[in-house]
Amino acid sequence: MLTRNCLSLLLWVLFDGGLLTPLHPQPQQTLEAEPRENVVPVPGRRSSAQRVKRGWVWNQFFVLEEYMGSEPQYVGKLHSDLDKGVGTVKYTLSGDGAGTVFTIDETTGDIHAIRSLDREEKPFYTLRAQAVDVDTKKPLEPESEFIIKVQDINDNEPKFLDGPYVASVPEMSPVGVIRTALPNMDREVKEQYQVLIQAKDMGGQLGGLAGTTTVNITLTDVNDNPPRFPKSIFHLKVPESSHVGSAVGRIRAVDPDFGKNAEIEYNIVPGDGGNLFEITTDENTQEGVIKLKKPLDFETKKAYTFKVEASNLHLDHRFHSVGPFKDTATVKINVLDMDEPPVFSKPMYTMEVYEDTPVGTIIGAVTAQDLDAGSSSVRYFIDWKNDGNSYFTIDATEGTIATNELLDRESTAQYNFSIIASKVSNPLLTSKVNVIINVLDVNEFPPEISVPYETPVCENAKPGQVIQTITAADKDLSPAGQRFSFRLSPEASNKTNFTVHDYRNNTAGIETRRNGYSRRQQELHFLPVVIEDSSYPVQSSTNTMTIRVCRCDADGTILSCNVEAIFLPVGLSTGALIAILLCIVILLVIVVLYVALRRQKKKDTLMTSKEDIRDNVIHYDDEGGGEEDTQAFDIGALRNPKVIEDNKIRRDIKPDTLRFPRQRPPTEDNKDIRDFINQRLHENDVDPTAPPYDSLATYAYEGNGSVAESLSSIDSLTTEADQDYDYLSDWGPRFKVLADMFGEEESYNPDKVT
0 MLTRNCLSLL
10 LWVLFDGGLL
20 TPLHPQPQQT
30 LEAEPRENVV
40 PVPGRRSSAQ
50 RVKRGWVWNQ
60 FFVLEEYMGS
70 EPQYVGKLHS
80 DLDKGVGTVK
90 YTLSGDGAGT
100 VFTIDETTGD
110 IHAIRSLDRE
120 EKPFYTLRAQ
130 AVDVDTKKPL
140 EPESEFIIKV
150 QDINDNEPKF
160 LDGPYVASVP
170 EMSPVGVIRT
180 ALPNMDREVK
190 EQYQVLIQAK
200 DMGGQLGGLA
210 GTTTVNITLT
220 DVNDNPPRFP
230 KSIFHLKVPE
240 SSHVGSAVGR
250 IRAVDPDFGK
260 NAEIEYNIVP
270 GDGGNLFEIT
280 TDENTQEGVI
290 KLKKPLDFET
300 KKAYTFKVEA
310 SNLHLDHRFH
320 SVGPFKDTAT
330 VKINVLDMDE
340 PPVFSKPMYT
350 MEVYEDTPVG
360 TIIGAVTAQD
370 LDAGSSSVRY
380 FIDWKNDGNS
390 YFTIDATEGT
400 IATNELLDRE
410 STAQYNFSII
420 ASKVSNPLLT
430 SKVNVIINVL
440 DVNEFPPEIS
450 VPYETPVCEN
460 AKPGQVIQTI
470 TAADKDLSPA
480 GQRFSFRLSP
490 EASNKTNFTV
500 HDYRNNTAGI
510 ETRRNGYSRR
520 QQELHFLPVV
530 IEDSSYPVQS
540 STNTMTIRVC
550 RCDADGTILS
560 CNVEAIFLPV
570 GLSTGALIAI
580 LLCIVILLVI
590 VVLYVALRRQ
600 KKKDTLMTSK
610 EDIRDNVIHY
620 DDEGGGEEDT
630 QAFDIGALRN
640 PKVIEDNKIR
650 RDIKPDTLRF
660 PRQRPPTEDN
670 KDIRDFINQR
680 LHENDVDPTA
690 PPYDSLATYA
700 YEGNGSVAES
710 LSSIDSLTTE
720 ADQDYDYLSD
730 WGPRFKVLAD
740 MFGEEESYNP
750 DKVT
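Each residue of the sequence shown is one higher than the one before, starting from 0 at the first, in numbering that gives the first Met the number 0.
Treat the hints as calculated values from the structure; they're not laboratory data. Do not rely on the hints blindly, as some may be mistaken.
[Said to hold, decoys possible] Okay, derived cross-link-like pairs now, DSSO-like style, lysine-lysine, Cα gap no bigger than 27 Å in a straight line:
hint, residue 1, residue 2
1, K300, K331
2, K293, K431
3, K121, K76
4, K230, K306
5, K345, K431
6, K331, K306
7, K290, K259
8, K230, K300
9, K292, K431
10, K331, K293
11, K76, K137
12, K290, K236
13, K300, K290
14, K236, K301
15, K306, K293
16, K300, K345
17, K236, K300
18, K306, K259
19, K236, K325
[Said to hold, decoys possible] FRET-style restraints, in silico, Cβ to Cβ:
hint, residue 1, residue 2, range
20, A364, T429, 12 to 20 Å
21, L580, R519, 19 to 27 Å
22, G270, A479, 47 to 55 Å
23, T99, G258, 49 to 57 Å
24, K230, K259, 22 to 30 Å
25, P346, P536, 32 to 40 Å
All C-beta atoms in this analysis are idealised placements derived from N, C-alpha and C, irrespective of residue type, glycine included.
Start from the sequences, fold in the hints, and give me the full structure.
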């Protein structure tokens with residue numbers, strides 16, 4: 000304790016002697032230290048600037064650490080220009096340590112430290128001061144902030160905590176910045192140094208004590224060397240077939256630095272190759288990789304020359320004065336000519352053709368050229384792997400495409416295939432292009448009204464009234480902008496009942512042309528409307544509209560369009576009409592029943608005799624193969640049993656040739672017609688191939704005594720000249736007209752015929 004007191008006394012003497020900072024505040028610490036400007040308004044005039052003293056601004060105070068005196072340590076004094084020393088000003092202190100570490104006299108503004116401070120624990124304190132009026136409690140000065148610093152004393156001996164120490168020193172450091180640094184240290188020459196450091200305390204009770212340690216100093220690299228190209232020109236050869244994005248060459252600049260200080264950035268100087276080439280840095284080798292940005296063409300340009308700049312990526316501002324940390328070199332690239340495939344004039348071809356175009360019609364052509372120096376001719380052919388090859392053909396020399404089959408748009412609307420072009424000099428070099436052929440629709444169908452319209456019109460309609468709006472529909476695929484036009488047919492143009500108004504937007508209106516219509520005179524009107532499209536070839540059709548006259552009220556609301564409504568004005572109600580219709584239906588039913596009963600009665604009269612089966616008409620509902628089909632049923636029972644037994648003919652087998660020749664009775668026998676019919680009956684009875692005897696058989700016989708005999712022309716002579724019509728005159732007056740017509744020409748006079 001005595002030692003500490005003695006040390007404090009010695010420091011106090013040193014402070015009084017001017018060796019250390021005095022305890023009393025210096026003049027610059029008072030409130031009147033600096034002037035200030037303030038604007039004071041003058042009544043009745045514009046405000047003007049007036050310079051006054053700045054009396055409430057200061058920077059900092061100082062206090063000694065480890066103070067062991069019996070009285071609080073004096074720090075400094077606060078004072079305002081407005082304080083006249085009469086006790087009207089009160090000083091307050093707030094902030095870091097106010098009231099606990101530092102106190103202030105409210106009247107005088109003196110600041111004291113009330114406890115011992117340790118600089119190693121807290122080196123400074125920030126406080127705020129305020130001067131207020133004692134009576135009004137209003138601030139006289141704005142609140143101001145200041146700092147109280149704790150001054151250090153030599154109360155700790157030096158110690159080396161750890162050893163040996165490792166430190167790094169940037170190479171090329173100036174002499175004197177670091178006292179252990181040697182002049183002109185260069186990491187590229189020597190990387191590490193080892194030094195011995197001694198620490199000695201020259202003051203205080205422990206003065207003279209010292210400690211030593213070894214420090215290994217490693218020089219850290221700095222970016223003090225610019226990159227340099229080993230040569231000024233780089234020559235590269237690049238084939239023109241190189242792909243875009245591929246690396247076409249590498250160049251390298253040398254930087255003796257290490258790590259990130261050796262990282263190099265390459266850039267192409269704007270010029271000849273700026274648009275076709277780019278350069279990037281290989282992070283592993285720090286080489287500049289030149290890449291292709293666009294395709295090369297030997298026939299367009301054979302060589303490129305540009306400059307490349309290499310610079311340090313991380314610059315050190317301390318060495319800017321050494322010089323520019325970059326270098327440039329020239330790159331010359333020669334394009335090598337390669338045998339290339341033909342080039343099509345377009346990247347894709349699109350063609351159009353109408354359906355049903357005749358086979359062999361040329362619809363377009365493709366063109367490809369050999370751009371090499373030694374130009375070669377080109378041959379074309381369709382890629383046979385595609386399905387479209389059977390519908391089209393291509394001329395191998397000209398490249399023209401023609402149809403090979405009839406096209407149908409409804410079947411296939413678009414064809415997509417490829418055409419290959421090859422060089423004659425080198426068929427292996429080929430190029431391919433895509434061809435799209437759109438099949439255009441041919442206008443085959445005429446337009447029609449969208450729906451079959453039946454339009455009502457009121458009896459009290461006025462002229463110019465639109466009674467219906469119509470649209471059109473086309474079975475063809477209507478192209479964009481298809482227009483339909485509407486008009487009356489020529490035969491209806493002279494009628495004055497209705498007209499068609501074309502709105503020119505693919506719709507039309509049916510308008511009335513007269514004042515009022517009568518259902519009694521004409522209930523239905525038929526209006527032929529002609530609809531025409533705008534496609535090629537133009538198609539049109541005539542559509543008939545039905546216009547029905549209806550009864551409407553005064554507002555135009557339709558009341559009735561039925562047929563029975565026509566009779567309503569006569570005085571018959573709907574119920575009366577229904578009753579009349581029911582009566583008519585009842586009468587019709589009675590008539591039908593009466594007719595049915597009459598027919599049933601006649602049928603019973605015909606079927607009274609059932610003893611002889613041959614007198615009856617028997618119906619067999621069989622759909623066999625005809626009368627000669629004996630598989631369905633045995634028709635032998637229907638034949639005359641007596642005649643069949645006499646002839647001994649099998650009834651279950653159709654005889655081959657048992658037909659008896661039918662003999663025509665001579666006309667000169669003059670037999671009675673009954674004998675003739677009996678003879679025919681006998682022939683049918685003995686003929687096994689004749690139909691059953693219950694069948695209806697007719698026999699044409701003209702009887703006896705006919706002078707004209709048969710008038711059939713079957714046995715007539717071939718020409719009228721061979722005919723002799725003189726015998727007609729012998730037949731009597733009934734055949735006089737025929738005798739005159741077929742007699743001699745001079746004897747026939749039509750005027751005399753009666």
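Evaluation of the provided hints:
| no. | hint | result |
| --- | --- | --- |
| 1 | K300 x K331 | holds, 13 Å |
| 2 | K293 x K431 | holds, 21 Å |
| 3 | K121 x K76 | holds, 22 Å |
| 4 | K230 x K306 | holds, 13 Å |
| 5 | K345 x K431 | holds, 11 Å |
| 6 | K331 x K306 | holds, 9 Å |
| 7 | K290 x K259 | holds, 24 Å |
| 8 | K230 x K300 | holds, 26 Å |
| 9 | K292 x K431 | holds, 24 Å |
| 10 | K331 x K293 | holds, 17 Å |
| 11 | K76 x K137 | holds, 21 Å |
| 12 | K290 x K236 | holds, 13 Å |
| 13 | K300 x K290 | holds, 18 Å |
| 14 | K236 x K301 | holds, 10 Å |
| 15 | K306 x K293 | holds, 18 Å |
| 16 | K300 x K345 | holds, 22 Å |
| 17 | K236 x K300 | holds, 13 Å |
| 18 | K306 x K259 | holds, 25 Å |
| 19 | K236 x K325 | holds, 26 Å |
| 20 | A364 x T429: 12 to 20 Å | holds, 18 Å |
| 21 | L580 x R519: 19 to 27 Å | holds, 21 Å |
| 22 | G270 x A479: 47 to 55 Å | holds, 51 Å |
| 23 | T99 x G258: 49 to 57 Å | holds, 53 Å |
| 24 | K230 x K259: 22 to 30 Å | holds, 26 Å |
| 25 | P346 x P536: 32 to 40 Å | holds, 35 Å |
Violated hints for the displayed structure: none, as all numbered hints are satisfied.
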